[in-house]
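Engineer: For reference, the chains in residue letters:
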Amino acid sequence: MGCRGSKVPEKIVLYYDKRSAPCRTVLLTAASLNIKVELKEINIQKGEHMTPEFLKINPQHCIPTMQDGDFTLWESRAIAQYLVNQYASNDSLYPREPKRRALVDARLNFDQGCLYQRLLNFYFKLFSEKVKDDELIKKFLEAIELLNTFLEGKLWAAGDTMTIADFALAASVSTAECFDFVDLDKYPHVNKWLARCKGNMKGYEEANQDGINALKETIANFK
Amino acid sequence: MAGILFSPDWICCSAEPNMPIDFYYIPGSAPCRAVLLAAKAVGVELNLKLTDLMAGEHLKPEFIKLNPQHCVPTIDDNGFALWESRAICTYLANQYGGNESLYPKDPKKRAVVDSRLYFDQGTLYQRFAEYYYPVMFGGAPFDEAKLKKLEEAYEYLDKFLDGQDWAAGSEMTLADISLASSVSTAEVNINRLEFRTRFSNKYIAGCWFRSVQIRKCHQLAEKVQEHSAWLR
Numbered sequence: 001m002g003c004r005g006s007k008v009p010e011k012i013v014l015y016y017d018k019r020s021a022p023c024r025t026v027l028l029t030a031a032s033l034n035i036k037v038e039l040k041e042i043n044i045q046k047g048e049h050m051t052p053e054f055l056k057i058n059p060q061h062c063i064p065t066m067q068d069g070d071f072t073l074w075e076s077r078a079i080a081q082y083l084v085n086q087y088a089s090n091d092s093l094y095p096r097e098p099k100r101r102a103l104v105d106a107r108l109n110f111d112q113g114c115l116y117q118r119l120l121n122f123y124f125k126l127f128s129e130k131v132k133d134d135e136l137i138k139k140f141l142e143a144i145e146l147l148n149t150f151l152e153g154k155l156w157a158a159g160d161t162m163t164i165a166d167f168a169l170a171a172s173v174s175t176a177e178c179f180d181f182v183d184l185d186k187y188p189h190v191n192k193w194l195a196r197c198k199g200n201m202k203g204y205e206e207a208n209q210d211g212i213n214a215l216k217e218t219i220a221n222f223k
Numbered sequence: 001m002a003g004i005l006f007s008p009d010w011i012c013c014s015a016e017p018n019m020p021i022d023f024y025y026i027p028g029s030a031p032c033r034a035v036l037l038a039a040k041a042v043g044v045e046l047n048l049k050l051t052d053l054m055a056g057e058h059l060k061p062e063f064i065k066l067n068p069q070h071c072v073p074t075i076d077d078n079g080f081a082l083w084e085s086r087a088i089c090t091y092l093a094n095q096y097g098g099n100e101s102l103y104p105k106d107p108k109k110r111a112v113v114d115s116r117l118y119f120d121q122g123t124l125y126q127r128f129a130e131y132y133y134p135v136m137f138g139g140a141p142f143d144e145a146k147l148k149k150l151e152e153a154y155e156y157l158d159k160f161l162d163g164q165d166w167a168a169g170s171e172m173t174l175a176d177i178s179l180a181s182s183v184s185t186a187e188v189n190i191n192r193l194e195f196r197t198r199f200s201n202k203y204i205a206g207c208w209f210r211s212v213q214i215r216k217c218h219q220l221a222e223k224v225q226e227h228s229a230w231l232r
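Protein chains in written order, with the numbering used here: chain A, 1 to 223; chain B, 1 to 232.
Straight-line distance between alpha carbons at most 27 Å, and here's what the computed DSSO-like set of lysine-lysine pairs gives:
1) Lys146/B - Lys125/A
2) Lys130/A - Lys46/A
3) Lys108/B - Lys56/A
4) Lys108/B - Lys202/A
5) Lys36/A - Lys11/A
6) Lys154/A - Lys99/A
7) Lys36/A - Lys202/A
8) Lys159/B - Lys149/B
9) Lys138/A - Lys149/B
10) Lys105/B - Lys7/A
11) Lys46/A - Lys125/A
12) Lys148/B - Lys56/A
13) Lys139/A - Lys60/B
14) Lys139/A - Lys154/A
15) Lys149/B - Lys132/A
16) Lys109/B - Lys40/A
17) Lys139/A - Lys146/B
18) Lys146/B - Lys56/A
19) Lys216/A - Lys139/A
20) Lys125/A - Lys148/B
21) Lys108/B - Lys40/B
22) Lys139/A - Lys186/A
23) Lys99/A - Lys105/B
24) Lys149/B - Lys139/A
25) Lys108/B - Lys99/A
26) Lys139/A - Lys148/B
Hints listed in this document are in silico derivations from the structure and should not be mistaken for laboratory results. These numbers were taken from a predicted model, which means no experiment stands behind them.
Given only the sequences and the hints, what does the whole structure look like? Please build it.
Structural biologist: Put into structure tokens, the structure is as follows:
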């Protein structure tokens with residue numbers, strides 16, 4: 001399967017918000033594959049995801065949502081998997097060998113189910129109730145601690161090469177930079193790995209850092 | 001290992017594992033049951049290792065060595081350790097699956113299965129857990145707002161199932177296995193008549209689940225019932 005090495009599409013369309021970590025996962029993936037992205041901003045706070053047009057595209061009205069010709073797909077990590085399966089000329093970003101692939105899948109699930117979920121939990125409480133919940137922050141840091149353990153003695157999160165798992169985890173972990181109460185210095189493997197991501201991921205500034213900066217601004221405005 | 005096939009696009013191993021795969025689980029857990037169902041569908045034997053979380057068996061040093069996140073389900077396939085239920089399901093299909101329809105190789109078809117698996121983890125099962133775990137583990141009262149969020153997730157699943165038999169297309173896939181485990185857990189655990197009226201009968205998702213039970217997958221249904229019965 002996959003790594004068809006099909007010719008990259010002229011462009012894909014991405015409904016997104018740059019502040020959103022899952023959206024940045026897709027941007028990082030597309031940048032690595034040299035896939036041009038036509039960006040369409042959807043501001044959830046303004047209800048732009050609930051227009052009849054967008055609901056027709058995605059009844060779950062979530063972002064990121066990708067359109068590749070007449071093929072529509074959502075769930076950021078599935079989009080990342082798809083782009084590599086369909087368009088990559090080699091499989092380093094998402095290995096074909098089942099055990100190596102399984103490790104990437106496991107880390108993607110860890111990102112969604114544990115690390116990013118816990119970030120969402122404390123962020124949502126901060127945003128909607130203006131409450132800094134120390135218990136929720138502690139749970140998030142436990143997830144970072146787990147990632148720190150996974151990264152011990154390793155260069156990348158899911159094997160010997162940079163993979164889409166690193167894109168997803170980097171997008172999530174770097175989001176913690178927006179909060180001064182999250183101190184990543186305590187997690188040396190995570191710190192080194194994140195620096196490695198920033199230095200090696202193609203288009204990191206535009207695909208990820210710009211969104212982090214925009215999110216910092218949003219957070220500053222609702223304090 | 002016998003019978004390794006090489007294809008230009010995909011390295012796949014259709015042989016059996018050397019020895020049954022060790023499977024650390026508890027039957028009440030929906031993600032664990034998804035792996036049981038997937039293994040059954042792929043035709044791989046699991047060596048069941050009941051891991052009593054309440055008794056702290058997951059915190060034993062041997063288990064933490066295998067899995068520092070000490071969660072279930074976890075497999076040990078002859079030295080290859082893996083956790084996260086949906087990654088285990090896709091691994092079993094990728095490594096041992098002969099039936100391609102369960103986890104298609106075509107990138108677009110596969111992408112839809114992957115998308116539904118993330119919907120299960122991030123939305124459907126997530127909202128069930130948020131609604132039910134505080135009650136089951138924390139003694140909290142039921143929260144109507146959280147039930148509404150779960151109901152919304154059912155509405156999404158309904159829309160995905162509209163006009164097709166299975167969650168990711170015209171054939172049963174790993175997505176149905178994962179989603180059916182979640183849905184069956186919600187149905188069994190949430191014993192309120194209101195829930196049954198609101199969910200099971202109202203939504204196509206209820207019909208889909210019943211069709212899973214009635215129509216195509218007796219083995220699937222048996223396993224679901226068998227393990228759901230543990231909860232009653």
